[in-house]
Each structure stands twice: as C-alpha cells, then as structure tokens.
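Using the sequences and the hints given, assemble the complete structure.
Each chain is listed here by its residues.
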Amino acid sequence: MKARTLTRHFRESLKSLGRNGWMTFASVSAVTVTLLLVGVFVLIMMNLNKVADDLENDVEIKSFVSLEADEEVISEMETAIKGISGVESVVYSTKEDELSDLVMDFGNEFRLFEQNNPLRDVFYVKATEPQQTENVATELSALEGVEKVEYGEGKIEKLFTFLNTGRNVGLVLILALLFTAMFLISNTIRITIVARRHEIEIMKLVGATNWFVRIPFILEGMWLGLLGSILPIGLIVALYYNVTEFLGPKLRGEMIQLLDFEPFIYQVSALILLMGVFIGIWGSFMSIRKFLRV
Amino acid sequence: MIQMKNVYKKYPNGIVALNGMNVEIKQGEFVYIVGPSGAGKSTFIKMMYREESPTSGQMLVNGVDLAKIKRKNVPLLRRQIGVVFQDFKLLPRLNVYENVAFALEVIEEKPEAIRKRVLEVLDLVGLKHKARMFPRELSGGEQQRISVARSIVNTPKVVIADEPTGNLDPETSWDIMNLFERINASGTTILMATHNREIVNTMRHRVIAIEGGLIARDEVGGDYGYEG
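As they're listed, the protein sequences go chains S and W.
Reading the first sequence from the start, the letters are residues 1 to 294 in the numbering used here.
Reading the second sequence from the start, the letters are residues 1001 to 1228 in the numbering used here.
Derived by calculation from the structure, the hints in this document are not laboratory data.
Be a bit skeptical, because a hint or two may be false.
DSS-like mimics (lysine-lysine), calculated; alpha carbons at most 27 Å apart, straight line [said to hold, decoys possible]:
| hint | chain 1 | residue 1 | chain 2 | residue 2 |
| --- | --- | --- | --- | --- |
| 1 | S | K290 | W | K1010 |
| 2 | S | K50 | S | K250 |
| 3 | W | K1072 | S | K2 |
| 4 | S | K15 | W | K1128 |
| 5 | W | K1110 | S | K15 |
| 6 | S | K2 | W | K1110 |
| 7 | S | K15 | W | K1116 |
| 8 | W | K1068 | W | K1157 |
Residues of chain W clear of chain S, computed beta-carbon distances all greater than 10 Å [what the hints assert, rightly or not]:
| hint | residue |
| --- | --- |
| 9 | E1051 |
| 10 | S1053 |
| 11 | T1055 |
| 12 | K1072 |
Where is the CB? At the ideal position from N, CA and C, for every residue including glycine.
Okay, here's the thing in structure tokens:
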C-alpha cells in the first residue's frame, strides 16, 4: 500500500464520521456512557481494594513483656524479634507510654494508676505480609521474656477471609463489566456497519481489495472509541479530584486512606482511552468481516 | 477476449443456471444478451466480473481463467472491467466526483491524475457541473450516467452492463445507449443484458439469446426476437 493511500484512508474515515452524522453521534454516546460506567466502577473497586489493604496492614501483634525482664533482657528481646523471619517493624513502648495512651483514650480517671502501674512494657510487631501474622505471633510467644501475645486471634482470620472474598467479588464484577462494555460498544459499531453493508459490497464490485475497504472502517471505529472516551475521562478526573480534595483531609492520620490522585487517575484515564480505542478497532474489524465476501 | 467453454453453473439450491455454455466475444464487439427472466442472463453477466463462479468449465476473460482465479486476485480482475448495474450501485455517502474517483483510488493512482481523469469522464457523460452533488440529489438517468462514468474511468477493455436501462424511462434510456455507443466506438467491448426490445431492434449489434441455460440464438445484427 502506498503512503498516499493511507492518507486517503485517514481522510475518508474522518469524512465518513461527519457524513454519518447521527450514526456517529449514537455510537459515540453509547461508548461514552459505557466507558463512564466502567471508569466510575474502577475508581470505586480500586479504592475498596486499597481500604482492604489498609485494614490488613493495620494488623499488629502486641507482645507483653513479663515483669521479671530487666533492661538487658528487653534489648536482647528486641534483637531476637527483629531476627524472626517475616517481621517488618518492631516498636517498643514502655508501660508509662501505655498508660498515657490509655489516659488519652479513656480519660483522666486512669491517672489513678500512675502510682502503681499495672501495665506491661509492650513490643508492637508487624509482619511483612498480613497473612504471616499468625506464624510470627507463635514464634514471638516462644521468646524468653514474652508474657503473652495478642493479635486479635480468630478475628483477624475472619477479617482476612472477608476481605479476600470482597476482593474476588470485585474482580469478577470488574471483569463482567469490562466484558459487557466490550459487547455493548462493538455491538453499536456493528449496527453502523450493518447499515452500510451495501456500500461494502459496491466497493468490492468496483475492484477494492479487502484491506482497502477495511482500513477506513477500522479507523472510523478508532475515532468513535477515541471520541467516546473524552467525556468519561474528563468527568472521572473531575470526580476523583473532588473526592480526594474533600475526603483526603478528613482521613489524614487515619489508617484508611484513598488512593492518591496521581498517578492513579492517569492509569484509569489510560485504561478508559485504550479500552475505547481497542474496542472501536476490534468491533469494526469483526463486524466488517462477513460483508467482505463479495 | 471473452471465451466460455462448456460453462456449467448449478446453484446450491439445485437450480441449473448455465448448462454447458460455449461462446466467444472478440475485442471491440457490442453484444446484447437477451432472453426471458430466469433463463441464465444474470448468471452469465455476473460471471464476467466474478460475482458468481462457474461450477465447471473454462471461462477466460483477458486470458485469465475465472474458474480458477484465487479470491485475492478477484479485485485485480474487477479493475480490468467496468460494470454498470441496473440499480446504479453508487456509494450514497460519496458525492458524484468521489464516486467516480473511487475506482481510481482503488488502483492507487496519483491524486493529480485522478482529478484530471475524473473530470474528463464526467465531462464525457455531461455531468461535470454536478460533481459536488450526492447521488440522492440526482435523477435516475443522471445516476446511471455517473455509474457509466465510473465503469470507464480506468479505461477497461470491456464494460459489462446488467440491464442498465431497466430502471429508466425511454428517453433517458436513449441517452445511456448513446453513451455506450460512443464508448464502443473507442474500441471498448460492451456486453449488455437487456429486456428493451426497442433498443435492440434500433441499435443493431450482435444478439445472444439465452434460454434454459443455453445459447438459443447468436446472430450479428439480429433483432430482439421476443414478444414484448
């Protein structure tokens, strides 16, 4: 194919977009609505996934140091804990720190205990992977100087199962929605091509090769996808910008955070754009196939 | 230039359209194909540009056997022959100029050459002044003239016409026929299926009558021969 023919195909595809008027408008609208739906859904699901991660990562093991342990034992314990495989971080908190936390959380009545502090020194230990928490906890409880270990046994397993189920359901929903979107968009494009099957036949009878007929249609599908993704991208960027502006400050310091505006929003925009263009091209290609047999 | 040897065509539904046909048409001839509906006329014509292919037999156009031609080479064959249809088959979304230019864009002609040649043939069919109009804005006769212009724009050796006057009133039919006469006078072979007795009897040329999938009559300067 000569370069001027490719130029011709580009020109024809744009011209056809204009001359098809209402058909173009209908297809672009369908693509817009579908991609907007996909975009909003992806925003929600990805953030729910983030929340699940945050919840999981918040799980920590509280290991109480026995009263007999002196400073030497405590510093040995710290080294030992750091040596356990799967430990991400260790934070040491004295019983005085613990008490002041209590006072902060529950009020000045707890100052009564300042004369005779019944609390223990504590190591807060986090596992690199939330799922390893249980193993790490078992190893911790075997260490010398550890009185007992708490990590919400039983509860966190339930939480993990719940979050995993949630994530899987989300994944299935996203896949189902993507599939539906592909079906809807390529079907819209199919309708516009079916309406023009006689044109394809005429082109073939006048001596056009399959590719000569196909390329302008494929380019037209690409333009439809491109045009249809502009509005969804704009709306989703604006929507997420406002959500992060509004919720971001309120969540500051909390364990649950939204995904940062950048680069997440660029990834979602790219996804929408690529989906639109890819489905546009693919839809045209598939729909035109059977009309080329002339 | 067109040669059929024992061409046989059976459709999937069992109908035998051509039943061992033999015919030879030389370069520069003007041939009418006549015969009752369903006799095989359309099949005969459609085989020339490979809309249908023979079930068996040999069918040579410009030395190429259409019974054996590969699917991907069909466009190349169609570029060497011009086809005019009863229903014009113009592209509705392209204007007059673009419709005619399409046949040249297909062969990747240079834009300047396309422009020159398209205006030339539009002038020949007398519609240069309507180049920017769309098919729906033209009368049937005008649309058919555009279709004729498209068929000759890449100077084919043969023009095939399937009842080109079938949808036209008598007066415009004569305009179209005069065009074909001029094209034929420049050395182009014309093959035309028709039901128009008056035309066949007035503009005398070779007449091939097809009946029951066979050639019933073949005479140069013959008349239509059927009761209208």
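Comparing the hints with the structure gives:
1. S:K290 x W:K1010: It holds: about 23 Å lies between the C-alpha atoms, which stays within 27 Å.
2. S:K50 x S:K250: holds, 17 Å
3. W:K1072 x S:K2: At roughly 18 Å apart (the allowed maximum being 27 Å), K2 (chain S) and K1072 (chain W) satisfy the hint.
4. S:K15 x W:K1128: Since the Cα atoms of K15 (chain S) and K1128 (chain W) sit roughly 22 Å apart, the hinted pair holds (cutoff 27 Å).
5. W:K1110 x S:K15: holds, 20 Å
6. S:K2 x W:K1110: holds, 10 Å
7. S:K15 x W:K1116: holds, 22 Å
8. W:K1068 x W:K1157: holds, 21 Å
9. E1051: violated, 7 Å
10. S1053: holds, 12 Å
11. T1055: holds, 18 Å
12. K1072: K1072 (chain W) not clear of chain S: closest Cβ-Cβ about 8 Å, inside 10 Å.
Hint compliance for this structure: hints 9, 12 are not met, and every other hint is.
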